[in-house]
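Chemist: Residues per chain, in single letters:
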Amino acid sequence: MSAILEAKSVSKIYKNGASEVKAVDSASFQIHPGEFVGLVGPSGSGKTTMLAMLAALLVPTHGDVLIDGINLRDMDEKERVKFRRNRIGFTFQSNNLVPFLTVRENVELMLRLNNLYDQDSRKKVDELLERLGLCERKNSLPNQLSGGQKQRVSIARSLIHDPSVVLADEPTASLDSQRAFQVTRLYADLIHEQKKAGIMVTHDLRMCEFVDKIIQISDGKIVSIIDDRETIKAMISCG
Amino acid sequence: MGFYLAVKEVWRNRGRFVLISLVIALITTLVLFIAALAEGLADSNREYLSKVDAELFVFQKDVDNLIATSRIGRSKINDVRRVEGVKDVGAIGFATGSLILPDGRQPVNVSLIGVEPNSPGMPPVLTGRTINTLKGNEAVVEERFLTRFGVKVGDDITIKTIQGTKEKFFSIRVVGSTDGQQYQFSPAMFMPFKTWDQIRPQAQKTNTAGELTSNVLAVRLKNPEDKAAMAQNIQNQVDGIEVIDKQATIDAVPGYKVQQSTLNTQQFFTLLIGVLVIGGFFQIQLLQKIPLIGVLKAIGSSNTTIAISVIAQIIMVTTFGVFLGSAVTLLLSVVLPAGIPIVFNGSSVFLAILALLAIGPIGGLVSVRVAIGVEPLIALGLSS
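Heads up: the sequence lines are chains A and B, in that order. Under the numbering used here, the first residue of the first sequence is numbered 1, with each subsequent residue one higher. Under the numbering used here, the first residue of the second sequence is numbered 240, with each subsequent residue one higher.
Please note that the accuracy of each hint is not assured.
Unchecked claim - Simulated crosslink set (DMTMM-like; lysine to aspartate or glutamate; CA at most 25 Å straight-line): (1) Lys8/A x Glu20/A; (2) Lys247/B x Glu20/A; (3) Lys247/B x Asp118/A; (4) Lys247/B x Glu136/A; (5) Lys247/B x Glu130/A; (6) Lys15/A x Glu614/B; (7) Lys461/B x Asp478/B; (8) Lys247/B x Asp120/A; (9) Lys138/A x Glu105/A; (10) Lys82/A x Glu614/B; (11) Lys150/A x Glu614/B; (12) Lys247/B x Glu105/A; (13) Lys78/A x Glu614/B.
Just so you know, these hints were derived from the structure itself, not from any lab. All values reported here derive from a predicted model rather than from experimental measurement.
Please construct the entire structure, taking both the sequences and the accompanying hints into account.
Modeler: Written out as structure tokens, the structure reads:
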């Protein structure tokens, strides 16, 4: 099975006057359909910079990122914006939802942005919200939701437009452990069901219980890629 | 999409947006009132002059085109009339008197304007008849005499002036009425030139054998478009005079230009304050929304979508505020006392409303610029 997402010797170097900081150093990996990957590492290890390059928000200094075989480097800024809109689903740590749109409207937003909103859209959105246990809150505004509910709405928004890749930046950071596990499990289930390539950035190894692969990153370098379930479980239990 | 976001945000935060619309409505009311006051004051000063059926005015030379200072003898009328291209000439004299009202009411200052029958300077009569002699105690009065002072065509009214050091009272019969013809903030009455010469205030009784003088001559041209060349032509052919057009005559009315520039400056600064208030409000609001804009851009909203959203909000809020303010102004104008010199002239109100509708987008331009400059990376807590 060919990879949906591929990073080839990707580096990002920030220049500050004469000094250079290598935020990401020659990272290479592949993610296949239905694969949920945890990108883990301590603060400042380069996880978020890596995620930004995979999301077409940053252009690598060296190396290439390919999604569905398309090299993001070949695109101009306008094409990258359109690419993000079409092929990528996002869940952020905070400020995720548009505060003046209801739950349903927040999920519909991706369909409207992609000009995919039609008479069947409402049904599609309602089905996904029901799957996520949010059916009764569909007319609520974000400030009427709990943290876990907000993240579930965000997950719905990241999947509704059928993207190739779904990216999550510390999606459980503001949740208690119980809700964090619920959200991660739900996220993993949907990625597996819908055959997306999913990447979750986290500094909390416990949240990797439901991932298929862990990419460990330290000082910008990939130190290990673990796809063996037993090893992953052992890693989580060791913390 | 940008419009959809703007409508949703305004609707879900309508309390906040209505507040800024109310501020815009207050600014609108202020701007429209200043515009109406400028028009009203200008009208009170120049109404008669602007309606005179003539293209040029002849003044005595070297009097700075001041109507009150200028003296033109009757012999000049024929000299001006003989200039090729002149269609008609009328002498006009200006003075002030007091209208004595019955029932113990306070006397009212009125403009006494001496004119010649069927000559430039005599306004068209709406009711009754026009004056048709150079002499006779009769007058045509403007509509304010009828509406404000209760005078009717056919009534005899009493005018008081000072002759020498004594008060003199003259009984004048109202034979007709004309439309609004104020001059220098006073309602005007038009009387035969010789009657005017007898009634007008004078330091001492004039020598009746002397030449009859007016303040200015109103000149109607065969070809009104030639007025610049004709002004020069008349000036070259007749000694001791200066000829200017109607607008220059109005501008030379003492205080007119200063008053208008003061009011225009007030209006400009009110609009400027409007730009700053609206700009400030949207700027503060936008700064609070930067993380959200970052998220919207990260998920694929284009700069165009974001800019349309910001601009659409500004236009909605400004339009609502301007129309609310216009409606309030309209209501106020109905209940204001008639004596307040406020005139809602169609074109000046239209221009003021256009300017008010423009201040929102102008004030919000900085916000649009800031919104476009927001980096999607901030959604991830990064910066380029």
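Chemist: Run every hint past the structure and note whether it holds.
Modeler: Right, here's what the structure says about each hint:
1. The hinted pair formed by Lys8/A and Glu20/A meets the criterion: a straight-line CA distance of about 21 Å does not exceed 25 Å.
2. Among the hinted pairs, Lys247/B with Glu20/A is inconsistent with the structure: their alpha-carbon atoms are about 45 Å apart, more than 25 Å.
3. Proposed proximity of Lys247/B and Asp118/A is supported: the alpha carbons are some 19 Å apart, at most 25 Å.
4. In summary, the hint linking Lys247/B to Glu136/A is supported, as the alpha carbons are separated by about 21 Å, within the 25 Å threshold.
5. Between Lys247/B and Glu130/A the CA atoms are separated by roughly 24 Å; this keeps the pair inside 25 Å, and the hint holds.
6. Proximity of Lys15/A to Glu614/B is assessed by CA-CA distance (about 18 Å); at most 25 Å being required, the pair is judged to hold.
7. Our distance criterion of 25 Å between C-alpha atoms is met by Lys461/B and Asp478/B, whose separation comes to about 22 Å.
8. About 21 Å separates the Cα atoms of Lys247/B and Asp120/A, which keeps this hinted pair within 25 Å; it holds.
9. A hinted pair counts as satisfied when its Cα atoms are at most 25 Å apart, and Lys138/A with Glu105/A qualifies at roughly 8 Å.
10. A distance of roughly 15 Å separates the Cα atoms of Lys82/A and Glu614/B; the hinted pair therefore holds under the 25 Å criterion.
11. Between Lys150/A and Glu614/B the alpha-carbon distance is near 23 Å, which keeps this suggested pair within the 25 Å criterion.
12. For the given pair, Lys247/B sits about 10 Å from Glu105/A by alpha-carbon distance, which is consistent with the 25 Å threshold.
13. For a cut-off of 25 Å, the pair hint linking Lys78/A to Glu614/B stands: about 14 Å separates their Cα positions.
Hint 2 from the list above is the single one not met by this structure.
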